[in-house]
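This is what each chain is made of:
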Amino acid sequence: MKNHVLRPLWVVLGLVAVLLVFRYFYVPGDFGIHERGFTYGLYRTGTIEDWKSVTVKYQGRDSCKPCHQDVFDGMAKYPHMVIQCENCHGPALRHPTDPPKLAIDKTRALCLRCHAKLQYPTSGRAGITGIDPQAHNTGFGCPKCHDPHRPTVQFLRYSVDDWKKITYRGREYCRSCHQNRFDEEGSYPHPHATIQCENCHGPAMKHPTDPPRLPIDTKRELCLACHTRLPYSSTAYAGVKGVDPAGHNPGVECVNCHNPHRSALQLLNWTTVRSFGGS
Amino acid sequence: MTDAMSRRDFLKKSTVVVAGVLVPVAAFEILSPARVQALKTDDAVRWAFLVDTYKCVGCGFCVKACKLENEVPYDANASRTWVERYVLTKDGGFHADSPKAARDGFTDSRVDLNESGQLSIKPEEIDKAFFVPKLCNQCDKPPCVQVCPVGATFKAPDGVVLVDRTWCIGCGYCIMACPYGARFFHPVYHTAEKCTFCYHRITKGLSPACVQACPFGARQIGNLNDPNDPVAEAITNERVGVLRKEYGTRPQVFYIGLDREVR
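Chains as they are written, first to last, in this note's numbering: chain A, 1062 to 1340; chain B, 335 to 597.
Some hints could be false.
Stated by the list, open to error - No farther apart than 30 Å at their CA atoms in a straight line, the calculated lysine-lysine pairs in the DSSO-like style are these:
no., chain 1, residue 1, chain 2, residue 2
1, A, Lys1162, A, Lys1205
2, B, Lys538, A, Lys1113
3, A, Lys1063, B, Lys538
4, B, Lys475, B, Lys579
5, B, Lys434, A, Lys1113
6, B, Lys389, B, Lys424
7, B, Lys456, B, Lys389
8, A, Lys1162, B, Lys475
9, A, Lys1178, B, Lys347
10, B, Lys579, A, Lys1178
11, A, Lys1126, B, Lys579
12, B, Lys538, A, Lys1118
13, A, Lys1113, A, Lys1126
14, B, Lys347, A, Lys1126
15, B, Lys424, B, Lys538
16, A, Lys1138, B, Lys389
17, A, Lys1063, A, Lys1118
18, A, Lys1126, A, Lys1063
19, A, Lys1167, B, Lys434
20, B, Lys434, A, Lys1118
21, B, Lys389, A, Lys1118
22, B, Lys456, A, Lys1162
23, B, Lys424, B, Lys347
24, B, Lys346, A, Lys1063
25, A, Lys1178, B, Lys424
26, A, Lys1113, A, Lys1167
27, A, Lys1205, A, Lys1225
28, B, Lys475, A, Lys1178
29, A, Lys1267, A, Lys1167
30, B, Lys347, A, Lys1167
31, B, Lys475, A, Lys1113
It is worth saying that the hints were derived from the structure and are not from the lab. A quick note: this is a predicted structure, and the numbers were derived from the prediction, not measured.
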């Protein structure tokens, strides 16, 4: 066969040789077919050691016990005993060397993972007591009232009455931003001066953070609770002026004419009053 | 004197010999079945996983623990393991979701339908509702390993399917091939990533992060080659199922309480 015919064959063989030399240097020595054959066992054995040497971050609750035995003993008989400490406090890593302190998560989201009530038949979730997250003391972190390590009712931090004291702040709390309301007395006595703002506006809680606005109730029923003239005089009502609800502008909201923060003599809008036929 | 070779002939022939010698001897070893046969061992550990869907409450502590233990970026839209919620209504309706892979648990009774919004379902309408934790099944016949063009992913001797991050070229064939959706692209390393049964923990005698984190024992891991292992005993004796049995992948994650609606 003539030389020029065989030359492409030499070229191809040359390329193959180059490839094989390159492969000899580039492919790691431990790469090859190991157990389970070519289909499932083609790999570099060094990678198994790489995966084994990843740092372990979660240490498990037994590593917490030696220093935090008191918490363990407190938790022992209560339902949260089954939860790993690191679930709520984050991985221990090399605590107490690094990190020196673990996070204490007081957000609602943490507790709601289990305690947002989901009534799911056939699931273990149905058996966990829970609350409606939108209804139950919104704005407050759960640990404010509940001890996360001893979550039963007997260890609640506040009784219902004590809780009301927290959520109802009192007039002085309002004064810092709403001094203008306090100043509206003017030359007339301010009969509502002794009423708590929160009686009509609801508990302040963490206003203005949460709730950003308190409700403004304009319905007649709120005013008529005190200002309904009763056919008999009782000592409680003796000094309070009242109206006959059926006779005095029925269907019209009181605040159309009356400013609840000022005396009745300082009516809001005399034009409105005259349009009703008053004087 | 016999016919001596001409110089030209000698050069031609020696080139052929040298070219032949350049072929590495290792090329023949790779194709030797005898060597592969000799490496098989029968007494190794064989990992298997047991999930009890009756016990799972959807708290999501497993997902959080997995992300932190295995350094999967916490806010990325990817997780090595996840929990799916299934809500089946009395009128035959079927709804499933997995908000953020259940990283923050299920705190909303509304089903998350992504772009379609959120669906409220009245409690009295619910026929069955349950949670299904999912992870890589470490299949015995893994389709993801078969399709890897470079040999970056493989089945280790003890049964765990691993990915060699230094060798993976990021083609994504394995991510496409997995019928369980267990694989994803690692956002930082740009290689294929998946659950490894916390290989760095199980080889030290610890349990995977998700198994340890679960407060209700819905997740358990065991050694099928150990006759005294309670997980192995449950898998062989109790009524367990696997996901997508029809694919023939022979998954090693077994489920108690699998409903036919589970995808």
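Here is how each hint holds up against the structure:
1. Lys1162(A) / Lys1205(A): holds, 21 Å
2. Lys538(B) / Lys1113(A): Cα-Cα ~8 Å, so holds.
3. Lys1063(A) / Lys538(B): With Cα atoms ~67 Å apart, lysine 1063(A) and lysine 538(B) exceed 30 Å; violated.
4. Lys475(B) / Lys579(B): Between lysine 475(B) and lysine 579(B) the Cα gap is close to 12 Å, so the pair holds against 30 Å.
5. Lys434(B) / Lys1113(A): holds, 28 Å
6. Lys389(B) / Lys424(B): holds, 23 Å
7. Lys456(B) / Lys389(B): Answer holds: lysine 456(B) to lysine 389(B) is near 23 Å, not above 30 Å.
8. Lys1162(A) / Lys475(B): Status violated; Cα separation ~45 Å.
9. Lys1178(A) / Lys347(B): With Cα atoms ~85 Å apart, lysine 1178(A) and lysine 347(B) exceed 30 Å; violated.
10. Lys579(B) / Lys1178(A): violated, 34 Å
11. Lys1126(A) / Lys579(B): violated, 43 Å
12. Lys538(B) / Lys1118(A): Holds, because 13 Å separates the two Cα atoms, which is no more than 30 Å.
13. Lys1113(A) / Lys1126(A): OK: lysine 1113(A) and lysine 1126(A) at ~27 Å, within 30 Å.
14. Lys347(B) / Lys1126(A): Outside the cut-off at roughly 78 Å; violated.
15. Lys424(B) / Lys538(B): Violated, because 47 Å separates the two Cα atoms, which is more than 30 Å.
16. Lys1138(A) / Lys389(B): Status holds; Cα separation ~21 Å.
17. Lys1063(A) / Lys1118(A): violated, 71 Å
18. Lys1126(A) / Lys1063(A): violated, 86 Å
19. Lys1167(A) / Lys434(B): holds, 21 Å
20. Lys434(B) / Lys1118(A): holds, 22 Å
21. Lys389(B) / Lys1118(A): holds, 26 Å
22. Lys456(B) / Lys1162(A): Outside the cut-off at roughly 43 Å; violated.
23. Lys424(B) / Lys347(B): violated, 84 Å
24. Lys346(B) / Lys1063(A): Since the Cα atoms of lysine 346(B) and lysine 1063(A) sit roughly 13 Å apart, the hinted pair holds (cutoff 30 Å).
25. Lys1178(A) / Lys424(B): Cα-Cα ~20 Å, so holds.
26. Lys1113(A) / Lys1167(A): violated, 35 Å
27. Lys1205(A) / Lys1225(A): Satisfied, since the Cα-Cα distance of roughly 13 Å is no more than 30 Å.
28. Lys475(B) / Lys1178(A): violated, 41 Å
29. Lys1267(A) / Lys1167(A): holds, 16 Å
30. Lys347(B) / Lys1167(A): violated, 83 Å
31. Lys475(B) / Lys1113(A): holds, 23 Å
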